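Chemist: First to last, the protein sequences are chains W and R. Read in the numbering used here, the first sequence has 32 at position 32, and its numbers run on one by one without any break. Take the position in the second sequence, starting the count at 1, then add 1000; the result is the number in the numbering used here.
The set of hints was computed from the structure by calculation and includes no laboratory data. In this text the structure is predicted, and so the values were computed from the model without any measurement.
Computed beta-carbon distance windows for the label pairs: (1) R:1025 - W:20: 17 to 25 Å; (2) W:33 - R:1042: 26 to 34 Å; (3) W:6 - R:1050: 39 to 47 Å; (4) W:20 - R:1158: 56 to 64 Å; (5) W:6 - R:1140: 56 to 64 Å; (6) R:1038 - W:22: 45 to 53 Å; (7) R:1078 - W:15: 37 to 45 Å; (8) R:1151 - W:16: 45 to 53 Å; (9) W:29 - R:1155: 52 to 60 Å; (10) R:1011 - W:16: 21 to 29 Å.
Here a beta-carbon is modelled for each residue, glycine too, at the ideal position from N, C-alpha and C.
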Amino acid sequence: MEKMRTYILYGSGIVLCIAGIAYLAAEYVKYLSEPGKLICLLLVVGMFSFLGKYFDEKGW
Amino acid sequence: MRRNPFLYLALACFIGLIAIFVFDGYLGIYDTISITAGEREQTVAPDHWYRYRYNPSVGVVWGEERVFFSYEVDNRQFSGYVTTIQASVWKENEKVVDLFSEDKTIEPFDKIKVEWILDSEQLQTRGFSEGEYTVKIERKGVERKIIVGYHVPAPPPYPEKVPLPPPER
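Based on the provided sequences and hints, a complete structural model is requested.
Modeler: This is the structure we're talking about:
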């Protein structure tokens, strides 16, 4: 029961963090130029690809 | 570094993202409007037009005060910026008077400032009276609107000098 409560707290904390970051990013992106948005998209794709590869190498 | 190359590459992408946010936000054409009426000074920052939907307004006393406009255009681009800057007064979607019109070339990462004055006499001579007017400022593909509200100061609600009652004898 104690473990469950911890998981729910951590889970909601992580969800709120992600929602906050997504909201801030959306606010910033609104004011970016079109080429700026494209470069950001490429960098985000690159970032998640490299992170995925890193965790893959770690054996996760 | 050698053990985690992908982690560092991901970090580099993240730093690139932040750099794009900062750099892209800095680049562009930015305009600032300063309005002075009487002793009241007001500045309309470039981000006003992104943040708010309303047009800034200024209140002026009809026939007594003039409105001093200052329009600054900041070219934060790697190329020059050529534009015609125009300012005019409008009432109910009809042009009343032209205030300013000049062709300008702004060098990369340079800024220019132009100024003009709106006097209620300019409107009076064309048969207009107090009320609200729109000052339109235009440059290449961009239009800014400032609402100028002229009013006549209301007379005081009481007589300025009340005669004293005659002294009692």
